[in-house]
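If you're matching them up, the sequences are chains A and B in order. So that you can map any letter, position 53 of the first sequence is 47 in this note's numbering, and since no number is skipped, the others follow by simple counting. So that you can map any letter, position 93 of the second sequence is 95 in this note's numbering, and since no number is skipped, the others follow by simple counting.
It cannot be assumed that every hint is accurate.
[To be verified] Okay, derived cross-link-like pairs now, BS3-like style, lysine-lysine, Cα gap no bigger than 30 Å in a straight line:
id: 1; chain 1: B; residue 1: 51; chain 2: A; residue 2: 51
id: 2; chain 1: A; residue 1: 65; chain 2: A; residue 2: 12
id: 3; chain 1: B; residue 1: 70; chain 2: B; residue 2: 60
id: 4; chain 1: A; residue 1: 65; chain 2: B; residue 2: 70
To be clear, the hints were calculated from the coordinates, so they are not data collected in a lab. The model shown is predicted, which means the values in this text are computed figures rather than measured ones.
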Amino acid sequence: EAQVTQNPRYLITVTGKKLTVTCSQNMNHEYMSWYRQDPGLGLRQIYYSMNVEVTDKGDVPEGYKVSRKEKRNFPLILESPSPNQTSLYFCASSPPTGAMNTEAFFGQGTRLTVV
Amino acid sequence: AQSVTQLGSHVSVSEGALVLLRCNYSSSVPPYLFWYVQYPNQGLQLLLKYTTGATLVKGINGFEAEFKKSETSFHLTKPSAHMSDAAEYFCAVSDPWSSARQLTFGSGTQLTVLP
């Protein structure tokens, strides 16, 4: 089954304690990205990656890091989480560009609370 | 730059009534357009998309949307609402010429279906 898997689904942490949210896809997609979802703001892109070792900032990258060492994995790293990073996070992957390959596949989400 | 406006953060309809969720976009190039649905505690699922060709697009679960370039709109409709349609709906756009493949989302519309 084609899917994007995020872990953990729920996480409560304290300010300043480094954490990593993992994302893995089994569709051999080149493009992966991270979004955060906040009430009234929809989803906003944090970082994206167009291929292994190729990453770039989205609209709200401050406080986040990513890496893409393997095609299937795209972890999101919060080096020093702060309460304003409390949010619902989604990982997504997409096939190569082309009019027929435009759909983004989303993970189930990770609800992060920073206290 | 692209932007998406969804009119109405909350919409309530009676079961069996017409569903109309509004989406207007701003884009410097003809965009790709999407509607995603999010059920409670789940990720986003693609309902339908417009890339090229026929401007009336049919999606899953009886939903459809019409791309109107002159109105920069992509409203989502369903002739008869069902209780299972209760969810949050997101309109999104992307630039087909961008290798970044970024999706720009609206703020979402929460659909409530009343018995």
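Okay, the hints, checked on the actual structure:
Taking the CA atoms of residue 51/B and residue 51/A, the gap is about 25 Å. The hint holds against a cut of 30 Å. The straight-line distance between the Cα atoms of residue 65/A and residue 12/A is roughly 24 Å, inside the 30 Å bound, and the hint therefore holds. A distance of roughly 15 Å separates the Cα atoms of residue 70/B and residue 60/B; the hinted pair therefore holds under the 30 Å criterion. For the proposed pair residue 65/A and residue 70/B, the alpha carbon gap of about 37 Å is over 30 Å, so the pair is violated.
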